[in-house]
Structure formats: structure tokens, C-alpha cells
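Asks: Residues per chain, in single letters:
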Amino acid sequence: MDINYVGEQLLSGKIGQFFIILSFGSAILSFISYYFATKNPEITSWKTLGRIGYWLNALSIVVIGSTLFYIIYNHLFEYHYAYAHSSKALPTHYIISSFWEGQEGSFWLWMFWQMVLSCVIVFRAKTWESPVMTIVMLCQAILASMILGIEFFGTRIGSSPFILLRDAMNIPIFSDPNYLSLIADGRGLNPLLQNYWMVIHPPTLFLGFASMIVPFAYAFAGLWQKRYKEWMTPGLPWALFAVMILGAGIIMGSFWAYEALNFGGFWAWDPVENVSIIPWFTLIAAVHVMVVFKNSGHGYFTATFLTLISFVLVIYASYLTRSGILGETSVHSFTSLGMSGQLIFFNMVYLALMVGILISRRKEIPSSEKEEDIYSREFWMFIGALVLTVACVQIIATTSIPVFNGIFGTKVAPPINPIAHYNKWQGAFVIVILLLTAVTQFLKYKRTDTKKFWASTIATLVVSILVTALVAYFTEIYSNVMYILIAFAGIFCVISNIRVLGDALKGKWRLSGSAVSHIGFALLMIGALIAAATNKVISVNSNGYIAVANFDKFEKPGDNLFLNEGEPVQMGDYRITYIGDSVAAPNVYYNIKYERIDEESGKVKESFILQPFAQNNPDMGGLIGTPATKHYVSHDIYTLITAANSDSFASISGQKADDKTGFDAYDEPATYEVSVGDTLRYRNGYYVIEGINRDATVNNLPKGPEDVFFGLKIKVVAADQKEFVAEPIYAIKDGNVYDFNKDVNEQGLRFRFSNIYPDRDKLEVMVYQKPLPEKKWIVFKAIKFPYINFFWSGTIIMTLGFCMAIYRRLKDAKISKKIA
Amino acid sequence: MKKSSILLIVIIAVAIAMIMVIYTDSSTYSTFSEAKEKDTELYVVGVLNKQKELHYDPVQHANRFTFYMYDNDSTECQVIFNGSKPQDIERSEQIVLTGKMEGDVFHASKILMKCPSKYNKDEVEIIESQAAPKTALAN
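Heads up: the sequence lines are chains A and B, in that order. For what it's worth, full-length UniProt numbering labels the leading residue of the first sequence as 1, then goes sequentially. For what it's worth, full-length UniProt numbering labels the leading residue of the second sequence as 1, then goes sequentially.
Since the hints were derived computationally from the structure, they do not count as laboratory data. Everything numeric in this text was worked out from a predicted model, so none of it was measured. Glycine included, C-beta positions come from ideal geometry on N, C-alpha and C. Certain hints may be false.
[To be verified] Distance ranges between label pairs, derived from CB positions:
| no. | chain 1 | residue 1 | chain 2 | residue 2 | range |
| --- | --- | --- | --- | --- | --- |
| 1 | A | 803 | B | 70 | 39 to 45 Å |
| 2 | A | 344 | B | 94 | 24 to 30 Å |
| 3 | B | 20 | A | 567 | 51 to 57 Å |
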């Protein structure tokens with residue numbers, strides 16, 4: 001039966017869906033045309049057709065994005081995407097984040113960036129345009145197929161963001177033509193994603209992922225067109241760009257984790273994090289081998305292979321995070337949309353392209369017969385790249401355990417303590433990498449003067465050892481050999497690269513990009529090491545033992561501290577007090593006052609308030625805490641609520657305890673038979689039955705001649721001698737008996753004058769008392785992260801270095817073009 | 001032989017050795033009865049026993065949460081978690097515990113919960129139709 005639904009706005013969805021199909025079709029058209037343009041460069045109409053396809057695709061993507069944004073922004077909950085990812089209360093910047101909370105939106109983001117980057121290729125790539133765009137448009141077509149949402153022969157291809165709510169769900173309310181008026185609000189955005197980093201982190205990360213295809217396409221085109229050596233000149237700046245953006249995106253994600261997630265750190269080796277860092281590692285390795293090849297002619301195959309595999313690994317990453325296969329090992333991957341088949345297809349296509357082209361060109365791939373010299377920069381850069389690759393293999397192997405389980409039907413569980421497991425391996429690798437990055441700075445391409453090399457290396461080494469000793473002493477990492485080694489390798493790397501920078505200042509500043517990024521990377525590692533190795537839970541709770549036999553020996557002091565409102569507790573250097581909540585719906589902010597007190601004078605040296613907050617969202621899984629952090633130059637104090645009493649949330653959900661009209665808010669009543677003049681006790685004082693008011697009136701209730709209205713005068717005296725009066729009423733009207741209660745809200749009391757027993761000369765009074773308000777409390781955890789600013793500043797310096805390197809490589813490309 | 005070939009062999013050897021070590025590092029999903037026999041930390045997968053009480057009293061002890069769980073063999077066991085109560089554990093469909101058995105009680109150091117996905121939930125929250133407020137007898 002067809003139902004004419006009321007109030008649906010179907011046009012936008014139809015427009016959106018049309019342009020999704022157009023984007024798919026135009027990408028296919030462009031892909032095919034560019035393919036033939038590459039095959040037959042003399043027929044220019046192929047290339048024109050390819051460009052037309054590209055522009056149509058670009059237009060479609062922009063329209064899809066605008067339409068989807070329109071739907072979310074205007075809260076058109078007839079669309080499932082808007083319903084599932086947004087709500088009316090979201091401020092505009094979080095509406096932007098809800099745009100890419102779902103898989104469909106993030107696929108769109110990926111397509112959008114590829115479209116933007118392609119624009120650069122169309123205008124600037126000249127002879128490379130056709131082959132490079134062939135590869136990019138193929139990817140664009142596959143991505144568009146992910147959001148198609150159309151059934152072919154019974155199987156659904158892709159998942160459209162424009163699907164209607166009533167098509168996505170099968171529930172009875174859709175038989176009501178007016179169902180839209182019944183839907184109050186969308187489910188809203190996951191509170192964890194309501195963080196400003198979530199507005200900027202996904203676009204950056206996806207720009208990184210999207211830009212990974214460009215070096216892939218150049219490397220592929222180089223092999224395809226047999227322009228073997230040429231592709232690296234335009235490919236290298238693109239690879240650097242991809243590495244820079246992806247690196248920045250990953251670190252932004254770790255900043256988000258640190259600021260918004262409650263696992264207490266900036267990196268947890270979660271599979272979702274791992275899969276994004278793997279392609280970053282391989283492309284970094286590729287960049288280095290490309291530079292090796294440009295300077296020495298060695299390593300062509302390795303450079304090409306690493307460039308190609310990087311993009312394949314990007315697709316593998318999206319398979320792992322989007323197919324739901326990580327369900328048991330990861331806390332925050334996407335939920336499955338049942339598209340793993342399509343994702344595997346995507347993976348296979350690009351893997352096949354890579355393997356196919358490498359095999360078909362294997363005889364022609366340039367290789368160098370000459371041996372590398374041990375004292376040459378290229379040899380050690382090459383080794384560094386390989387070590388990086390092996391480090392990747394480790395991360396892939398452990399992260400892919402669920403995939404192997406899926407393929408072989410095994411039931412292997414990941415390591416019981418993943419962080420220790422990864423740190424053990426990656427700690428060793430990072431030492432080797434940092435040492436290589438340091439030592440290589442003293443070597444020259446092709447041949448180095450051995451004496452000079454040893455002289456400068458040993459000099460730097462001595463300085464580094466001294467600095468390491470100081471750093472280890474002040475940051476208290478000397479108890480662990482591994483920590484000292486990492487710190488030493490990092491410091492050695494920084495100092496060696498500062499020497500290079502010193503040379504650069506003498507006029508070769510153009511070449512200093514690599515040194516700057518190396519310094520940034522080393523600082524990042526040192527910061528990560530110190531913050532991760534020496535972060536201390538400062539909310540250690542050693543009291544509150546429950547002395548039960550057999551249990552005490554397991555009881556370690558926990559990490560969580562219990563605080564009652566207004567009762568200060570000493571925690572390390574700080575005296576902390578929970579001073580109450582402030583509510584800004586849907587969040588409750590818990591105000592925790594930190595004070596540092598001078599031991600001698602007893603004066604407060606420093607005082608600040610941290611406001612970690614929590615959002616109670618039953619749709620998303622209960623109370624979700626967001627930490628608050630006090631940033632110092634040398635360390636951070638990080639505070640997170642792990643439990644709290646629920647009163648604070650009651651006010652948000654609109655059921656203020658005082659507003660309850662029923663008797664629910666009260667304890668079981670006590671019933672007394674009293675006489676005038678009696679005094680009775682209640683929890684917080686006493687009350688006196690003062691007398692009966694025979695002329696009582698009740699608002700709006702006319703008193704007939706037969707009716708009787710009696711008021712019972714009660715005086716309440718609280719413990720603090722405050723007095724209140726109440727007069728509950730007993731009434732007989734038209735032969736029926738009623739009673740009208742009276743409250744003394746200040747004391748949480750309610751009186752009912754419920755009966756009169758003239759025979760015994762007694763009055764019946766019922767007393768309701770509200771339960772005593774529970775004292776407000778919170779359970780929280782505080783962690784001190786020392787020197788975490790190295791981590792963040794290292795990131796910024798590294799990104800800056802990449803920028804300088806891109807500038808230099810673009811200049812180089814221009815120069816080489818002039819020479820040619 | 002070229003240096004690079006030797007290097008390649010070394011690297012491949014390291015990679016293979018590494019992967020083998022990774023698999024000795026890896027664990028298995030066990031049951032409570034297996035956990036009783038072993039003395040090491042391991043994973044136990046199961047479901048929460050919702051009939052029995054989940055005990056968390058932060059006023060008494062902010063770092064102690066106890067509950068009962070059935071493992072995949074339907075063996076029930078008490079679990080003590082040294083931490084605060086995960087907020088949505090009542091809604092969990094599956095729990096993966098990390099920890100070890102001490103006597104008859106499983107001491108968990110980590111709890112990973114699988115909760116019903118909000119995407120698959122075939123439910124729509126509907127505005128409650130408000131009946132006209134009842135005539136209040138008291139003012």
C-alpha cells in the first residue's frame with residue numbers, strides 16, 4: 001500500500017542520488033577516455049573527453065557534498081544519515097563533524113580531496129596528465145561506487161547517504177503518514193567526536209590518504225609509459241606532500257585522543273592508529289630511496305615498489321577500519337556497512353595493478369650494477385628505508401591477526417598487552433632509525449672521506465652522550481636502559497642535524513628541509529618517550545581497602561580517587577577539592593579546584609580549576625567522560641571523571657526532583673493518629689499539631705451547605721530553628737471525601753490530613769519525607785604527562801621541514817626542466 | 001655477492017624471525033576453566049550475568065567493581081575489576097576480559113565491551129504523546 005507521507009522533502013535526496021550516479025558514470029567515462037588518451041596520444045579528443053569526465057565528476061562531488069550538508073544542516077530527519085549522525089542541538093561546527101561521522105561522508109571526503117588534487121594534475125601535469133589521471137579516475141570511480149546504494153542483480157553496491165529513514169529501518173511508525181512529526185530529534189553525534197579536533201582531523205587525514213594516490217599514479221605511469229627515471233621528478237614533491245599531510249593528520253588524531261578520549265594518552269597502538277601509520281612509514285621510506293636514486297642511481301626498484309605499496313596499504317587500512325573485521329580488537333573503528341566485498345575488490349584492483357606492471361616491466365627496470373660504497377650516504381639511507389619497512393611489517397603482522405583469523409579460520413588473540421608488545425619492537429626500530437638518521441648526516445653521496453667522517457661523528461657522539469646524561473637525570477628516565485638508548489638516539493639525531501642546519505645557514509638553506517624535519521621527528525620521539533615513559537597517575541588511591549580475607553593481597557592501590565563535594569584531598573603536590581558542577585546541556589562540567597600550597601607559610605602558591613566534563617547519552621552508551629588538561633611548559637596535568645552520581649544529570653533530562661508532582665520523590669509515608677497539641681519528630685526537626693481550622697477554603701472549589709472543609713494547622717520547626725507552617729485539608733463534598741496535601745519544600749516534607757476519627761477524637765495525618773539528598777561525589781583519575789610539549793613541537797617542526805623540502809624539490813624540478 | 005643481496009637476505013630473515021616471535025607473543029581467547037589451570041594473564045570472552053548484582057560502591061572503594069560473567073562454555077565466575085565501573089556494561093552484548101584467575105575469582109585488568117551498535121538499532125525515539133495534565137487537587 002502506498003502511503004502519502006506528510007512533510008517529507010524528497011527533492012534534495014533525489015538530486016543527491018542523481019549526482020552520485022553521475023559522479024560514478026563520469027569517473028568511468030573519464031577513466032576510459034584517459035586510458036585511450038594514454039594509448040593514442042595523437043588523438044586529442046580522447047584527452048578532451050577525459051577532461052570533460054573529470055569536470056562532470058568534480059561538479060557531481062560538489063553537488064553531493066552541498067546536498068548532504070543541506071540535509072544535515074536543516075535537520076531533514078527523513079534521511080537516515082541526518083537522523084543517525086546529527087541532532088538539532090548540535091552547533092554548526094559539529095554539524096560539520098557529523099558530516100563525516102558515517103562511512104558515506106568519509107568516502108565523500110576522500111573523493112572530494114582526490115578531485116581537488118586532480119585539478120592540480122589536470123592543469124600542471126602536462127605530458128603526465130593522461131596516464132596519471134587514468135589511475136586517479138579509476139580510484140574515483142571505485143570510491144563513487146561505495147556510496148552508490150543501488151542494487152545490481154540482488155546485491156547492493158555501496159551505501160548511499162541519501163537513503164530515507166523509512167527505507168533504512170523497518171518499524172511500525174512508518175505506517176503513519178505523519179511519522180515525521182513523531183520524530184523529535186536525530187540520534188546525535190557521538191560525544192567523543194564533539195571535539196574541535198574532530199572538525200579538522202578527518203579532513204587532514206583524508207587529504208593525506210587522497211594524496212597518496214598521486215605518487216602511486218606517477219610511479220605506475222612511469223613504468224607504464226617506460227619513462228622510468230622521469231617520474232620521480234614530479235613524483236617526489238607529491239610524495240613529500242602526502243607524507244607531510246598524512247603525518248600532520250595522524251598527529252592531530254593523537255591530539256584528539258589525548259584531549260577527548262579517556263584512555264589516558266596520545267597513542268595506544270589501536271589498530272585504527274596502526275593502519276594509518278603504516279602507509280606513512282612506507283612512503284617515508286620511499287621518499288628516502290627516491291632521493292638515493294636521484295643522487296646515486298641505486299635503488300630504483302625499491303623506490304618504485306615502496307611508492308606503489310604505500311597506496312595499496314592505504315586501501316588495506318580502509319578495509320580494516322571499515323569492514324568491521326577489527327570488531328574484537330579495536331574500540332573505535334567504523335561499524336560494518338556490509339561492504340567488505342567491495343573493499344576487498346578495491347584492494348585487489350590496486351594490488352593487481354602494482355604486481356602486474358612490476359612483472360611486465362621486470363626486465364626493463366633500471367638497476368645499477370655498481371656496488372655502493374660502505375662510506376656513502378646512499379648505502380645507509382637505503383638501509384634506513386629497509387629498517388622502516390621491517391618496522392612496518394611488524395605493525396602489519398600484529399594488526400592483521402583478525403584478518404588471518406578470518407582467512408585461516410584460526411582463533412589467535414592479539415598480544416595480551418598490545419602497548420608493551422608494540423613498544424618493545426618499535427622501540428628497537430626507532431633507535432636504529434634515529435641512529436641512521438644521525439650518522440648519515442656525516443656521509444656524502446658516493447664517497448666520503450673516512451677520517452673526516454669519524455672525526456665529526458665522534459665529536460657529535462660525545463656531545464650527545466653528555467646531553468643525554470643531563471636529560472636522563474632531569475626527566476628521571478635513567479632506570480630503564482631502553483629509555484636511555486632511545487633518548488640518546490634522539491638527541492644524537494637532533495645534534496647531528498643541527499650541525500647540518502649550521503652548514504645550511506652558511507648559504508645552503510635550500511637544502512635544510514630534510515635537517516629540519518629530522519630534528520622535528522627526533523624531538524617528537526623524545527617527547528613521546530618521556531611523556532609515555534614517565535607519565536604518572538597522581539590520583540593514586542591507597543585507602544579504601546576492604547579488609548576481606550584472601551583479597552588484600554590482590555589489592556593494589558587503584559588509579560581512581562573518590563572525592564566528596566567540598567572535602568579537600570591532598571594529591572601529590574596539590575590539594576584538590578571538588579567544588580560542584582556546572583551544567584551546559586548536554587554536558588555536565590565537574591569543577592575540580594587544584595591548589596598548590598607552600599609548605600612553610602601555608603599560603604596557596606597556585607590555584608586553578610579543571611573542568612573535565614561528561615555527557616550522559618543513553619543512545620551512545622551511557623556516561624562518556626572528556627578529560628580536562630592543565631598545560632604547563634614542562635608538563636600537563638590531565639584529569640578525567642570515571643564515575644559520578646547521577647543527580648547532576650537529572651536536571652538536564654528535565655526532571656528536577658522538586659517538580660515531581662507525584663509521590664515518587666518521597667519515601668514511604670508514616671501515618672499517625674494525633675490530637676491537637678501533639679509534637680512529633682521528623683528527620684530534621686519536629687512539628688506541632690496546632691489546631692484545626694474549620695473555615696478552611698480550597699481554591700476554586702465552591703463550598704456547598706452540606707460540605708465540610710477542615711484544615712489542619714501544623715507548625716514545622718527545623719533543626720536550625722526555622723519555622724514553617726502548613727495546612728493540609730480534609731474535605732467532604734457532596735458526600736465524597738477528599739484530602740489536599742501541603743508541602744514544606746524547604747524541608748522536603750509533605751503532609752496529608754487523611755482522616756478524622758470523631759469517636760476517638762483523633763486526627764489522622766500522613767507524613768511524607770524526601771530521602772536525604774545524596775552528597776555529590778565524583779571518582780576521577782589524574783595523570784601527569786611530563787615534557788609532552790616536545791611531542792607537539794616536534795610535529796610542527798617536522799611539518800615545517802617537509803614544507804621546505806617540497807619547495808626545494810619543486811625548484812629542482814623546474815631547474816631540471818630548463819636543462820632538459 | 002653484492003652487498004645489497006646480502007642485506008636483503010638479512011632483512012628477510014629478520015622479518016621472518018620477527019613474525020614468528022609475534023606469534024609467540026600472541027594469546028588465545030580462553031575460558032574460566034582454562035584460566036584456572038594457567039597462571040598467566042589471558043583473555044576470556046563471555047557475557048555478563050545480568051541476573052546477579054553488579055557491585056560498585058565508589059563511596060566505599062572507588063577502584064573495585066565486581067560482577068558475574070558467563071564464559072563461552074557457560075561457566076559462571078565472579079570477576080573483580082580493579083577500577084571504576086565501565087558505564088555501559090549493562091548494555092554489553094559481549095565482554096572480553098584481560099586478566100588472571102586468583103583462586104575462584106577472576107581478576108580483570110582490562111574490560112573491553114561490545115555494545116549493540118547504534119547503527120543497527122532498529123529503533124526510533126518518538127515524541128511521547130502527552131495526555132492533558134491531570135487536574136491537580138493540591139495547589
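Asks: Verify the CB-CB distance for residue 344 (chain A) and residue 94 (chain B) against the hinted window 24 to 30 Å.
Replies: About 25 Å separates the Cβ atoms of residue 344 (chain A) and residue 94 (chain B), which means 24 to 30 Å holds.
Asks: Taking the beta carbons of residue 20 (chain B) and residue 567 (chain A), is their distance inside 51 to 57 Å?
Replies: At roughly 55 Å between Cβ atoms, residue 567 (chain A) and residue 20 (chain B) fall inside 51 to 57 Å, so the hint holds.
Asks: The hint says 39 to 45 Å between residue 803 (chain A) and residue 70 (chain B); measuring C-beta to C-beta, is that right?
Replies: 56 Å, violated
Of the hints listed earlier, the one the structure fails to meet is number 1.
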